[in-house]
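First to last, the protein sequences are chains W and U.
Residue 64 is where the first sequence starts when you use this note's numbering, and the numbers rise one by one after that.
Residue 496 is where the second sequence starts when you use this note's numbering, and the numbers rise one by one after that.
For the record, the hints were derived by calculation from the structure and aren't laboratory data.
Glycine is no exception: its CB is placed at the ideal position from the N, C-alpha and C atoms.
It is possible that part of the hints are untrue.
What the hints assert, rightly or not - Have a look at the derived ranges for each label pair, beta carbon to beta carbon:
hint: 1; chain 1: U; residue 1: Glu659; chain 2: W; residue 2: Gly649; range: 39 to 45 Å
hint: 2; chain 1: W; residue 1: Asp381; chain 2: U; residue 2: Ala538; range: 42 to 48 Å
hint: 3; chain 1: U; residue 1: Gln562; chain 2: W; residue 2: Arg591; range: 19 to 25 Å
Claimed, not checked - Reference listing, derived: stretches of chain U covered by chain W, where coverage requires no fewer than 3 residues with Cβ under 8 Å from a Cβ of chain W:
hint: 4; region: 556–567
hint: 5; region: 676–690
hint: 6; region: 787–793
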Amino acid sequence: MSQKSSQENIRNFSIIAHIDHGKSTLADRIIQECGAVSERKMSDQLLDTMDIEKERGITIKAQSVRLIYEKDGKEYILNLIDTPGHVDFSYEVSRSLASSEGALLVVDASQGVEAQTMANVYIAIENDLELIPVINKIDLPNADPDRVLTEIEETIGLDCTDHVLVSAKTGVGIKELLDKIVDRIPAPKGDENAPTKALIYDSWFDNYLGALALVRVFDGSIKKGQTIQIMGTKEEHQVLDLMYPHPINPQKTESINTGEIGIVVMGLKSVEGLKVGDTITDAKNPTPTPIPGFEPAKPFVFAGLYPIETDKFEDLRDALNKLKLNDAALTFEPESSLALGSGFRVGFLGMLHMEVVKERLEREFNLDLIATAPTVIYKVLKTDGEEIIVQNPSELPDPSKIDKIFEPYVKATILTPNEYVGNLMKLLNERRGIQVRMDYLNENRVLLEYDVPMNEIVMDFYDKLKSITRGYASFDYEPIGFREGDLVKLDIRVAGEVVDALSIIVPREKARQRGLAFVNQLKELIPRQLFEVAIQASIGNTIIARTNVRAMGKNVTAKCYGGDITRKRKLLEKQKAGKKRMKAIGKVQVPQEAFMAVLKIDR
Amino acid sequence: MHIYIHIPYCDSKCFYCAFNSYTNLHFTIPSYMKSLTKVITKALQKNKQKIATIFIGGGTPSVIKPQYYEEIFAFLKPFINNESEISIEANPNSATLPWLRAMRSLGVNRISFGVQSFSDEKLRYLNRAHKAKDAIKAIENAYKVGFNNISLDLLYDLAIDSKELLEQDLRLAFSLPITHISTYELTLEEGSRFFSMPKVKAQKEELNFFIKETIKSYGLKQYEVSNYGKICKHNLAYWEHKEYLGFGAGVVGFRKNYRYYSHKNIQNFINDPFFCEKEVLSKEDILLEKLFLGLRSIVGVEQKILPLNMQERANLLVKEKKLSFTNGKYFNEDYFLADELALFIMQN
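Given the sequences, and given the hints that come with them, work out the whole structure.
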């Protein structure tokens with residue numbers, strides 16, 4: 064298995080597919096066909112290794128596998144480079160695609176092209192990848208491969224004459240697909256004698272081996288014992304071990320040669336220095352030009368994470384540090400909130416990334432956390448000429464000191480059945496979207512392109528979009544820079560006190576309506592207490608909306624005589640434990656959900 | 496000294512009831528009463544204390560013939576004096592004139608009737624064995640034979656309850672010679688017939704306030720969540736966290752820092768009346784109990800038993816006029832909030 068190969072029998076390829084179009088199942092089927100995993104060890108979706116990935120049916124970390132395939136008596140090395148399947152991780156997708164010479168464009172035979180597919184196809188085309196159209200799920204009764212092929216040709220402009228029809232579920236067409244990979248995807252053409260040049264397209268932390276880099280070697284080779292340099296950090300490390308990737312049994316090797324992919328073990332304690340997109344070269348004889356396109360992943364969405372029990376701050380710090388070992392995109396810095404005490408302002412690639420991180424912190428580190436509503440970054444030009452970056456609404460300067468506020472915009476691409484176009488246009492208009500493009504791809508599919516303030520989509524946009532289109536529309540976005548906005552900070556006061564963790568930045572013209580919806584939502588979430596609790600929304604000192612949570616009328620059980628006292632005590636202890644999950648703000652108990660309440664307001 | 500005696504027999508099982516009582520084991524009454532007498536005698540053998548209160552509860556104590564009580568009272572007599580409060584519970588259908596007369600002559604001086612309602616429809620709904628007119632008759636008889644400390648129980652917050660119905664119940668109650676009333680909000684107890692029928696409970700919070708205000712208008716003072724009028728010294732002892740002895744099947748007693756529990760099963764109790772299982776209470780347990788018991792009644796909570804952080808919380812409640820503070824004690828003004836107040840003080 065670890066035999067050396069010349070570049071001409073190597074094929075490096077990725078799979079591009081929308082969520083649910085069967086990418087992971089197809090990958091599993093390819094692995095199986097190549098005999099890399101015995102039937103016994105085959106569990107569903109081999110390449111999704113995290114529990115969260117399996118549960119949610121999504122791929123978060125890029126994974127790869129080196130396979131051996133025989134065609135016409137000749138052995139080929141097929142390197143399958145799996146890519147994350149979510150818009151939050153599109154930078155990692157682009158690096159995975161940059162490591163391949165070709166890609167399978169997998170489209171569901173009954174669903175057709177989706178927004179995510181298109182975004183990734185464009186990245187593949189920019190990288191000059193050979194694309195093979197693969198129509199999956201042809202076993203389904205409502206499969207319509209011809210329609211889907213036409214749609215690919217029309218939307219993407221890709222010639223689909225040479226395509227493959229498969230069913231990853233039944234195995235139909237898989238052999239033909241593998242043959243096509245060998246025939247059509249070009250072999251790597253690196254310079255074997257040039258200095259080492261390898262792209263880190265993924266990195267992760269292994270408890271036994273430390274931080275690992277998954278690389279594609281473009282020129283030269285990486286050898287065991289070699290001293291290499293990470294060009295972005297200029298750090299030098301010795302190569303302790305090398306492996307060919309495999310979901311169950313990675314194979315050790317002495318070198319990773321030109322055109323190959325492999326795992327580099329350097330005994331590092333953190334992935335911090337192994338950023339995706341960086342170049343590995345030889346320390347003594349470096350390549351003059353690093354691989355272009357390296358940009359450390361930038362967080363787009365920020366939220367405060369606070370332990371419910373204030374003495375768990377250090378535990379949260381430890382947990383974030385541990386997660387960071389495996390997630391170079393995660394950024395955090397300590398912050399403190401009057402309402403919530405000490406916590407961290409954490410930067411995420413997007414909403415899914417945020418959910419995954421929060422879930423892992425709670426699940427793997429046993430922490431009870433409050434997450435504040437996510438926010439984007441604002442650029443604020445102050446009247447004194449200073450420009451500042453605001454990641455936390457409560458840090459927005461006093462209105463009298465603000466000259467201009469700039470907010471990030473994204474280009475949103477949506478593909479939808481035409482019957483939902485009206486609903487979508489209404490939604491996008493409500494979210495301050497500006498239409499850039501509207502194309503009828505065929506009689507019942509429409510492509511919409513809008514410029515939208517990112518603030519309007521980080522909250523609940525995706526859920527809204529899915530609900531008004533009954534799940535049929537697909538959505539992707541990419542950042543397109545900052546634009547000026549007429550924005551104000553909306554504060555929430557609970558029992559008269561501003562709760563900094565609840566402040567949000569909103570367009571001025573929507574402030575009143577949002578404020579009212581917000582206080583009403585909080586009224587639903589904050590349970591009745593001993594005291595009447597006033598909930599107000601304000602801009603500066605002006606109250607723009609108010610409501611009250613009525614004081615509690617009764618909390619006591621009717622009977623308590625000699626025989627009931629122990630039972631009553633235990634009931635109270637239970638209630639006490641329940642209250643512990645709430646945050647005390649002054650004399651008011653606020654449940655965790657309240658801090659995310661803004662996500663639920665109808666607007 | 497405070498004594499509780501349990502009678503685990505009833506003529507019918509009410510749908511809301513999860514107490515230790517049985518309707519089909521009356522044949523065991525003679526041996527049960529024998530065991531009960533045995534255990535009381537033994538417990539009082541070395542006693543030199545005066546008995547401050549006795550409470551005979553159930554179940555339904557009025558299903559037991561007077562002769563059985565006579566034997567027990569023969570033992571109790573030396574410890575009883577004029578100050579002693581001796582209470583018994585009774586149901587309108589079984590508390591006959593002769594039975595009431597017998598109890599009175601044994602020295603029982605307080606009687607509490609399980610009336611629940613004066614609406615026959617509501618009584619049927621609860622599976623009570625009596626009708627409204629039986630309750631009226633029984634209370635008049637009790638008064639006639641010399642009881643001058645009479646209480647009755649009402650139950651509310653059933654789906655069929657309305658302010659009008661409860662107003663009618665209270666009007667009838669106060670037309671009778673009573674000195675005390677207990678009004679219980681329905682709770683769906685595990686083990687009761689109603690437990691699996693959540694719809695029987697009205698969940699009308701305003702009924703609580705209506706009842707409280709109406710009783711107040713009749714001149715009775717609330718001294719605990721469910722109790723109004725002339726204070727029952729025996730129940731007060733529970734809320735004051737005092738020691739008490741419990742006798743009978745499935746009873747609880749409390750000494751120093753532990754509770755003890757007898758056999759719940761009637762036959763087991765008959766065979767082994769001296770059995771008891773201990774539950775030791777920690778300092779924290781006792782503190783918590785004194786806190787919530789004090790807040791649900793006129794008893795109050797002594798400041799000095801609370802650690803400083805709890806004192807601070809309690810003082811905050813005084814400042815907010817949720818509690819009052821006099822003579823080193825915190826007093827609750829609104830018993831319906833007792834548990835919430837206790838939780839507020841306990842928070843750290």
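These are the hints, each one checked on the structure:
1. As the Cβ distance of U:Glu659 to W:Gly649 is approximately 42 Å, the hint placing it in 39 to 45 Å holds.
2. Between W:Asp381 and U:Ala538 the C-beta distance comes to about 58 Å, which lies outside the given range of 42 to 48 Å.
3. For U:Gln562 and W:Arg591, the Cβ-Cβ distance of about 54 Å falls outside the hinted range of 19 to 25 Å, so the restraint is violated.
4. Coverage of a stretch by a chain is defined here by at least three residues with a beta carbon nearer than 8 Å to that chain's beta carbons; for the region 556–567 of chain U and chain W the count is 0, and the condition is violated.
5. Look at the region 676–690 of chain U against chain W: 4 of its residues bring a Cβ nearer than 8 Å to a Cβ of that chain, three or more, so the hint holds.
6. Given as covered by chain W, the region 787–793 of chain U passes the check, having 3 residues with a CB less than 8 Å from a CB of that chain where 3 are the minimum.
Violated hints for the displayed structure, listed by number in ascending order: 2, 3 and 4.
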